[in-house]
Each structure stands twice: as C-alpha cells, then as structure tokens.
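Protein sequences appear in the order of chains B and C.
Everything in the first sequence is counted per this note's numbering, starting at 1 for the first residue and increasing by one.
Everything in the second sequence is counted per this note's numbering, starting at 1 for the first residue and increasing by one.
Honestly, the hints are just simulated from the structure, not real lab data.
These figures come from a predicted structure and were not determined experimentally.
Each pair may be met inside one copy or between any two copies, as identical chains are not told apart.
EDC-like mimics (lysine to aspartate or glutamate), calculated; alpha carbons at most 20 angstroms apart, straight line:
id : residue 1 : residue 2
1  : K178      : D437
2  : K9        : E63
3  : K156      : E287
4  : K242      : E123
5  : K305      : E262
6  : K156      : D126
7  : K360      : E231
8  : K441      : D175
9  : K156      : E103
10 : K324      : E314
11 : K242      : D101
12 : K137      : E314
13 : K37       : E396
14 : K393      : D404
15 : K156      : D101
Number of protein chains: 2
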Amino acid sequence: MALSDSIYKKLRRITGEDNCSRDMEDLACYAYDATAKIFLPDAVIFPGNQSEISSILKLANTEGFYVIPRGYGSGMTGGSLAVKGGVIIAMTRLNRILKIDRENLVAYAEPGVVTADFHKAVENEDLFYPPDPSSSKFSTLGGNLSECAGGPRAVKYGVTKDYVLGLEAVLPTGDLIKTGVQTVKGVVGYDLTRLLVGSEGTLGIITRITLRLLPLPRQVRTMTAVFEKMESAAEAVSGIIKNSIIPRTIEFMDQAAIKCVEKYLDIQLFRDAGAMLLIEVDGSPDEVEGQIRQLEDLLNGYHAKQVKTAATKEDAEKLWKARKTISPALFTYGPDKINEDIVVPRSKIPEMVRKIKSLKNKTGLTIVSFGHAGDGNIHFNIMLDKKNSEELKKAEATVGELFDFTLELGGTISGEHGVGITKRPYLNRELGPVEIDLMKKIKTVFDPNGILNPGKIFPE
Amino acid sequence: MALSDSIYKKLRRITGEDNCSRDMEDLACYAYDATAKIFLPDAVIFPGNQSEISSILKLANTEGFYVIPRGYGSGMTGGSLAVKGGVIIAMTRLNRILKIDRENLVAYAEPGVVTADFHKAVENEDLFYPPDPSSSKFSTLGGNLSECAGGPRAVKYGVTKDYVLGLEAVLPTGDLIKTGVQTVKGVVGYDLTRLLVGSEGTLGIITRITLRLLPLPRQVRTMTAVFEKMESAAEAVSGIIKNSIIPRTIEFMDQAAIKCVEKYLDIQLFRDAGAMLLIEVDGSPDEVEGQIRQLEDLLNGYHAKQVKTAATKEDAEKLWKARKTISPALFTYGPDKINEDIVVPRSKIPEMVRKIKSLKNKTGLTIVSFGHAGDGNIHFNIMLDKKNSEELKKAEATVGELFDFTLELGGTISGEHGVGITKRPYLNRELGPVEIDLMKKIKTVFDPNGILNPGKIFPE
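Just chain B, with the same shape it has in the complex:
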C-alpha cells in the first residue's frame, strides 16, 4: 500500500518537513535491523513528542496506512521492519533522561535514550539499572521494553519488565494512556504496563518510562573458568545454582565461539579450551570475596582446567569485550547467520548442549553456542551461506528440531529477542490455539484497525 502524496504532505505538516522523509537514501537506512532482512518503508518520520505521535497514529487510522515504531533498529527478530510497507516512526528524538530521583530510587526517561547512556547516567549517581542487553551501546530503552530485553545480569537481577514501574504510551488509535505507578507497589486495575512491555511494538508506542533503580553494588569481580568439555561447563552451571550461589552473571562460550573471537581480535584467550564460563559477582567486598572462594572450589570440583579471577577492572573489561565480540566475530565462519535465543531449565543445559553437538555432527553445519547459561538462555547460531539452498534447508530444519527439543525440555523458544517475524512460523509450537486467539483479541482491543506494526508475532 504505497503512500499517497497528500498523506505524505499531512505527515510532514505534523512534524515539520525536516523530520519526515521518503528519499531513497533515508528509506534504505530504515529498511533493515539485525536480522539483515530488508523491507523498504514508504516513509520515515521523526516525531519530537507524544502529541505528534498521537497525530500520526490518528492519521494512520483515518487514512489506512501502517506505522512501525523503531528505536535504533538493533532488534534480532524483525520487530522494527516494515514488512507490509508503511511509515517507520523513528523514536530517536525522544531521547532525554528526564529525572533521576535518588531519594526514591526511580528514574524517568524517554524511549529513545540509548541504554548504555542510561547506565552511565544512573551509575554517576551511585545507582544501578540492572538490565544489560549485549546491544546496550546501540539499543534504546524503548526497544528494550518492547522486547523485554534481558542480558547477562538477568540471572541475579531479572529482566526489563521487572524494572518498569509505569509508562506513558500512545495507543494505536492515537489516544494517550498512562499505566502503572511511580511507587514500587500498586495494584489498581489490570497490569497494562506488563502487557505493553514485551508486546514488540504491536500494542502501543511508548513515550515515557518510569524505571526502578537499585543502589550500585560496591564491588564487582569477574572470573573465568576453562573446561575441556562443554558438558562439564554446562554441569558446572547447573551445580552453581543447585548450591544456592547466584552470581550476577554466568556466561558461557563454546569452543567455536572462543576460536572465532580469538581469530577476530587476533588474541589468545585460552589454550585448548573446550568451553569457557565468564562469571561475575557483585555486592559488598566481603560478600564478593566469599562468593569468589565458593565458586573457585565448586568450579574445580567440576574439573575446570583453569580458574582465574581478573585482577583489575581493565582485565575484566578485556574478558567482557571478548564475550560481546562473539556476534560480529561469528562471520569468520560464514557470510550469513541464523541466530536463536532459546531457554531451557538450567538443569537441562547439559542435555541441550549434547543435542546441539549431535546435530552438528549429523548435519555438518557450523553451530556456535554461547549465552546466558545462568538462566538457561542459550544463543545457538548457525553460520552458513544462505545462497547455498541445501545448506539453508538443513539449517532451517535444524532450527525446527532444536525448537521442538527446547519445548520438550520445558523451555521456551525465545528468552529475550522476541518473536517478531523470524519466530512467527514457530509460534504455535509453543502457544496453543486458545492462547493465541486470546492474544489476537487483545491486539484487536488495542488496535481495532490493525495499523500498528502488522505482520509480527501472530501467524495470519
């Protein structure tokens, strides 16, 4: 459905001409996200405030065009792609941190704030916003909320939805709503906040966020443990939780992940590593020391070949850089990537690891695994050349098989990336028809004319 000139003129009047474009160079910049799939929108608009967004959405309803909200387009599942054309609403001008309330451990921010900037600002006040998606340097709070982003610290601190106290949003109809509270408790009416968080931009456009903060932990220490076998590392993770130790992160990297990072950064991380765990603990100095000692004993008990605690902040940062470089480094193995985000109960991590290994052997595909072992969230990535149709078919079948196995183990097919378009074909493997129908009806309540972010989550 192309945009008529007259509608385009009306859009330009809402935000001013400088904040609305349909030049091909601009459209191309807003046609993709981290899935690398391309869908050209009909226009891209940059509203400056809630009222302009409301006007855009009202126009979308009367004139019948689609709108798609977008942060910085770092999403992994197509959430901000204009799959049916339409107008991209880029939220980046709403980028102010409005207030950090030290007394009440609460902050007010606009959705276009880059998450890492928000981290810096609150940490300057000795405060702490735990959710730390690996994309935090180039993703926005609004995007994080829409996908209910997680990150390494989720094992101890939970995920984005646990920190959102309230919202302001524009409904797909253009009406404005406030949800939630400014206090840490509130039970008046249904929890619309947690309906919007994780709704992947399909129920409304968030314009203002009230976030809960914690005091900044006084000390953080980072340690690594190298294992000969991935299974031992997986069992160690299980063992850590079973012994009631909750570090603030337990990340893992398999051999392929370690090797591609070493190659990409031209460094040597570890010698003969079959797998690696990256563990962070935080708290008071005494607490941290105690946890480090406990973990060292435990990891050695699980046959860790080498357990090291980073001596300085700089050493710790090097280790984290390696972990966060995996995503781009993967392309050492192939031009294309299928990137998944399953979660299994932690006690099932060893089984999942064995399954992935057996599929690697069976198919000959390059499958790299890493992720948030502490909460069972495994990112398995199949590296391939999508132009090789036989390889692509094998890869897609493998994804399906791993999804089914995930669900058999009591897990879920998405821990933090969302469903978007990439997991939409698999939605009914996890959700039943009654549940899907309920959610679609909720969608219709919010968006009677179906103009907001179509083609996402629910198969048609």
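Position chain C against the provided structure of chain B, taking the given hints into account.
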C-alpha cells in the same frame, strides 16, 4: 438471579453431591471476607480439579449464572464476595504443593495451598519464597496471586507478580490456558501471566502456579527503633533508602497502633513511644552485621530514642507477633474498621504522616497508621462505629481526602489489597477513562458473557 433446582442438580453432578451445597449454614460461611460485608451466594461448590472448574464455567455461560472464585476469604476489598449472588467456587481442594525443584529453583503448586504452608515447605529445602502478606497463615497462593499480594519483604524482594513464572487457568468461557514459562526468562507472546496476576479473580480461575524461588538467606536479624515523633520515624525511613541501604523489611507502627497492641496482648513494648520502626536485614552473616551497624548509626542520626537488635530468634518472633497483631487489636478502639492501603513515594512519607495527623485533629476520628514504610505502603485504619452515621460520613470523607492527597503526592490508592468493591467508587480518581475503557474491553475479551466475579474493580 436465584439458582434453579435443575442448574443446582447439574452443578452437583460435576463435583459430586458432597462437594456442592446450598444449605444456609454453608452459604453463611461463604458470604463474607475480611471487609465484614455480607453477600449471601446461591450455592457454594468445591471442585477437585481443573476439569470440574471448566465444566462449572461452561455451565455458567450456557445457563447464565455468576461464579466467584474464593481461596480462604481473607481478602480486604471484597474480591471473593458474591455481590450479585451466584455460585462461590471454593478453591480449597486444589491444595497440593506439586513439586519443589531444587535444581532449578522453581516450585509448582495449586492455588488452594495456604501461603505459610508453602513458606514452610520451601524453607525445609533451604529455599525462599519472599512474598509474605501478613495474612499468610490464612490466605492462599491463588488469593495472593489474584490480588498481587505484597507484604513486609516487598521492599527488598518485590511482590507476588515478580515470582510467578507461569500459570494454568480456566478462562471464564471454560477454556483452559497455559501462560508463561517454567524458566526465568521467556518473551513469547503477550504477558498473560501478569494480566491474570492482580486481576482479582475477574479474568480467569488459576488452577496451577509455577513459582520462582531464591536460595534461603543464611541469616536474618531483627531490630527496632523507637521515636518520639512519627515524623522522625518517617524521615528515618526516607533516609535509609536514600543511603542505599535496602533492609528486607522496614515496618512502622504509630503510637495508636503500639498502644492497642500493648493493651490487646497485655504487654509493654516500649515506654513513651511516639512511633516505632521494625527493621529486618538478611544475607550472609558478614553482610547482616554490616547492615545492622550502618542502620544503628543512621537511626541514631534521626533521633531514635532506643535502637535494639533482637538477640534471639524468639525475641524477633515476639516483635513480629506484635506487628501482626495490630489488625485484630485495632478493635480495641471501636467495633468497625475502614482499612486502607495507599502507597506514596518514600520521600513523601513524612508529608502523608502529617496529613493523617491533621485530619485526625480536624475530625476527631481515631486513625491508626502502620505498615510497610520501606515501600511507602501505609495502612491507615479508621476505627469507628458504623452505626453512628455522622461518624461514618466523616470517615468516608476522610478516606476520599486521603486518597486525593495520595494521588497528589504521586502515589496509588492500593498497594496490595486490590480494588474489589471497596475502592471501586474511587477507581476513576486514579485511572483515566481511556485506561478504564481499555481494561473493560480486555475483561470482555476474557469473559464475553460477563459471568465471572461481577461487580468488581470497574464502576458500571
């Protein structure tokens, strides 16, 4: 709408005759909750499993009668009252703890489990389920979920919704749904779990709950601080949080609360206490010692007359008994009680305390304040004789005035008790018409024939 004999027969066939009654003695037992309002139901039924509940709800839709789910009827706002008649579905036979999964820090339980029994069971496994509503000895998990119950430990650990990973429920149509996950992360589809939690039994009947657990803290210490003035206590609470100390509870009692407990239990708690704080810290032994020292310094800085740390577990239990006895002890002051549950930002606690005091002086009413100061959740109770119509009018006007002031301070009119029937007339002081309309439409999606728990939350 009375229940016909033929419908009653059909109900009896679903659960068996022994599990369904319309004898007056039984109806009377299910006609009230903690509000002391009385609404006689037409029948009370005790299903044994999800399938029977499904059959009851299907019958309710085809025959057009109301159903009201009920735990142990300890709710504070009328959530389980049959305000328009109908059939009480007493959930008490679904009372099994199904599994405590130590490896994955997860438990599976039925809604009729008494919360304190659940606490005991998980603590026997060295595990911890933090939500601890003061009613835990006589309220159920299902009831707690329906109201999103809080409790003293919310200041550090959050509330019920933060611990529910997933649910099974029967929709008002009789269809069965599963929501959420068994893992600590999951973002597939909309968050139906947190739509059901806190929906006060109006969107579905919960039949199975997956709960997240934590490791049991190794040490807990309890301290009290007595102040000459309530305002100093309130400022100390603010100060504790501002200094980034998060104890696991910060409870307060005003002078009237202290005196009525002393009278009721025939003990002397403290001499000349204007107000008291009851503070609990938990963690490793070192952590706890450190926090106690920090708090002692801080509290003395806020002019605490007397700061004491309980030496033994038994001493600590005596202090908690005093705190939990307030509710029944209040009736020392009058035969009737209007009990509210507001939350204000913590920095506004002193202002709210001053407002309550000024209204006490202005009206001459007996207003007792106590509660969860750590999260700004103040239970103010007006003790009166409801048969004195002048006193009742004054009391209701005072409630309205305090609600308005709460909202002015950025708070909410209910932190944990829910809206039910008692706060329904005030709902539109906190929620706007667009928000209420959205919620009512969501209700209609779940309950197209409006048979589940009518007359609650939303004004007609």
